[in-house]
Amino acid sequence: MYDKLPKKRYNQTLDLLKRVLPAPATVLDLGVRNPFSEIMEQHGYTVFNTEGEDLDIVPEIVKKHKVDAVTSFEIFEHLLSPFNVLQQIECDKLITTVPLKLWFSSAYRSKTDMWDRHYHEFEDWQFDWLLEKSGWDIKETQKWTNPTNKIGIRPILRKFTPRYYAVYAERKK
8 MYDKLPKKRY
18 NQTLDLLKRV
28 LPAPATVLDL
38 GVRNPFSEIM
48 EQHGYTVFNT
58 EGEDLDIVPE
68 IVKKHKVDAV
78 TSFEIFEHLL
88 SPFNVLQQIE
98 CDKLITTVPL
108 KLWFSSAYRS
118 KTDMWDRHYH
128 EFEDWQFDWL
138 LEKSGWDIKE
148 TQKWTNPTNK
158 IGIRPILRKF
168 TPRYYAVYAE
178 RKK
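Take 8 as the starting number for the sequence shown in our numbering and just add one per residue.
By construction, these hints were calculated from the structure, which means they are not laboratory data. Positions of the beta carbon are idealized from the N, C-alpha and C atoms, including for glycine. Mixed in with the good hints, there may be bad ones.
Claimed, not checked - Each pair of labels, with its calculated beta carbon distance range:
id, residue 1, residue 2, range
1, D123, K179, 15 to 23 angstroms
2, G59, G159, 17 to 25 angstroms
3, G159, Q49, 29 to 37 angstroms
Said to hold, decoys possible - EDC-like cross-link-like pairs, simulated, lysine to aspartate or glutamate; straight-line CA separation at most 20 angstroms:
id, residue 1, residue 2
4, K166, E139
5, K100, E177
6, K118, E147
7, K70, E177
8, K150, D120
9, K118, D135
10, K100, E128
11, K157, D144
12, K180, E128
13, K73, E147
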């Protein structure tokens with residue numbers, strides 16, 4: 008079932024999550040239920056997901072559950088205003104990843120799925136600023152590459168150029 012999943016990225020995300028928020032813990036994972044939601048549950052986490060609501064329109068949905076942390080894996084780049092969602096989060100911990108802007112690739116946009124588009128392609132400093140301005144104190148960051156087994160200039164560049172930016176942050180007191 009999981010043989011086509013991005014194992015490297017999932018393993019790195021799980022390692023970060025286990026280190027900063029050991030199980031058992033309850034998390035609100037922004038976005039609809041997905042394979043990583045199941046992986047978190049297999050490792051002792053209780054996981055609630057949002058249900059496809061437009062988080063730009065109803066950012067307060069993040070208050071629906073009492074949780075130890077909010078996780079958001081490749082969600083904020085799809086929002087017009089992630090600031091509003093980040094401000095609404097009431098728990099003290101946030102574990103999140105976003106794709107980084109790549110100089111050799113334009114922003115992702117599906118022509119068939121309106122939900123599968125990136126409004127933002129962040130640089131690390133931009134995402135840090137967004138988090139800090141919305142009330143978060145960054146405790147740890149990591150960058151990951153996204154190598155592919157394809158042939159070409161872009162696949163070669165992806166082996167060396169970080170594509171994902173992971174952040175663990177705590178609510179400012």
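Hint by hint, here is what the structure shows:
no.	hint	verdict
1	D123 with K179: 15 to 23 angstroms	violated (33 angstroms)
2	G59 with G159: 17 to 25 angstroms	violated (34 angstroms)
3	G159 with Q49: 29 to 37 angstroms	holds (35 angstroms)
4	K166 with E139	violated (30 angstroms)
5	K100 with E177	holds (5 angstroms)
6	K118 with E147	violated (35 angstroms)
7	K70 with E177	holds (16 angstroms)
8	K150 with D120	violated (28 angstroms)
9	K118 with D135	violated (30 angstroms)
10	K100 with E128	violated (23 angstroms)
11	K157 with D144	violated (38 angstroms)
12	K180 with E128	violated (29 angstroms)
13	K73 with E147	violated (24 angstroms)
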